[in-house]
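*Asks:* My request is simple: use the sequences and hints to build the entire structure.
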Amino acid sequence: AQTVTQSQPEMSVQEAETVTLSCTYDTSENNYYLFWYKQPPSRQMILVIRQEAYKQQNATENRFSVNFQKAAKSFSLKISDSQLGDTAMYFCAFRTAGGTSYGKLTFGQGTILTVHP
Amino acid sequence: KAGVTQTPRYLIKTRGQQVTLSCSPISGHRSVSWYQQTPGQGLQFLFEYFSETQRNKGNFPGRFSGRQFSNSRSEMNVSTLELGDSALYLCASSKDGDSNQPQHFGDGTRLSIL
Numbered sequence: 001a002q003t004v005t006q007s008q009p010e011m012s013v014q015e016a017e018t019v020t021l022s023c024t025y026d027t028s029e030n031n032y033y034l035f036w037y038k039q040p041p042s043r044q045m046i047l048v049i050r051q052e053a054y055k056q057q058n059a060t061e062n063r064f065s066v067n068f069q070k071a072a073k074s075f076s077l078k079i080s081d082s083q084l085g086d087t088a089m090y091f092c093a094f095r096t097a098g099g100t101s102y103g104k105l106t107f108g109q110g111t112i113l114t115v116h117p
Numbered sequence: 001k002a003g004v005t006q007t008p009r010y011l012i013k014t015r016g017q018q019v020t021l022s023c024s025p026i027s028g029h030r031s032v033s034w035y036q037q038t039p040g041q042g043l044q045f046l047f048e049y050f051s052e053t054q055r056n057k058g059n060f061p062g063r064f065s066g067r068q069f070s071n072s073r074s075e076m077n078v079s080t081l082e083l084g085d086s087a088l089y090l091c092a093s094s095k096d097g098d099s100n101q102p103q104h105f106g107d108g109t110r111l112s113i114l
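Taken in sequence, the protein lines are chains R and D.
Under our numbering, the first residue of the first sequence carries the number 1, and numbering increases by one thereafter.
Under our numbering, the first residue of the second sequence carries the number 1, and numbering increases by one thereafter.
Hints are not guaranteed to be accurate.
Claimed, not checked - Derived lysine-lysine pairs resembling DSBU-like cross-links, with alpha carbons at most 35 angstroms apart:
1) R:55 to D:95
2) D:57 to R:70
3) R:78 to D:57
Treat the hints as calculated values from the structure; they're not laboratory data.
*Replies:* Okay, here's the thing in structure tokens:
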């Protein structure tokens, strides 16, 4: 079974600064996908960024980038130039590639990020 | 393009009752997954449906069930409600449920058990 661990229950950052959220996972699979989702107070989970395990290049999406260390099973999210709208709960999620893992994401416990003006 | 729609948004029930939640996926999406979100257990996978068939199931008791209709809309049912069933229930859809496809989530149904 896969597990995802987010060791930072809460983080805060000043507007325009950079913050990094940590995520580690445990799996015996070699091929899988990793995701960061954002859940603002409005409740809707929004995909922030996705990483395929077979790609060595770290994914980036505008101000969001990841540091994917496959050997260390680490997948951190860096948010640059933080904005007030980034305030949300952030979830790291894992998904096995192929097989019978249809529709199943395994989530970490989440990190509450607060951006201060 | 309309997103994933979940109804109702809020629901209050008492112990022992049953409840049905509804999820309409994004047009063209045929895979629907359900998750339970609680402060204590976090987000947990309930089950996934594709073409009216349940393809995957999480570790929940048989009181939790679901179904999918030919138009890909899905419902989940919880019978004999317990206080511990109080949670936010999230539905997510993707085109075919393949692992390389991101899931798109609805706003959830907040279920409170009195």
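*Asks:* Each hint: holds or not?
*Replies:* Hint check:
{"no.": "1", "hint": "R:55 to D:95", "verdict": "23 angstroms, holds"}
{"no.": "2", "hint": "D:57 to R:70", "verdict": "28 angstroms, holds"}
{"no.": "3", "hint": "R:78 to D:57", "verdict": "33 angstroms, holds"}
In the structure shown, no violation is registered for any of the earlier numbered hints.
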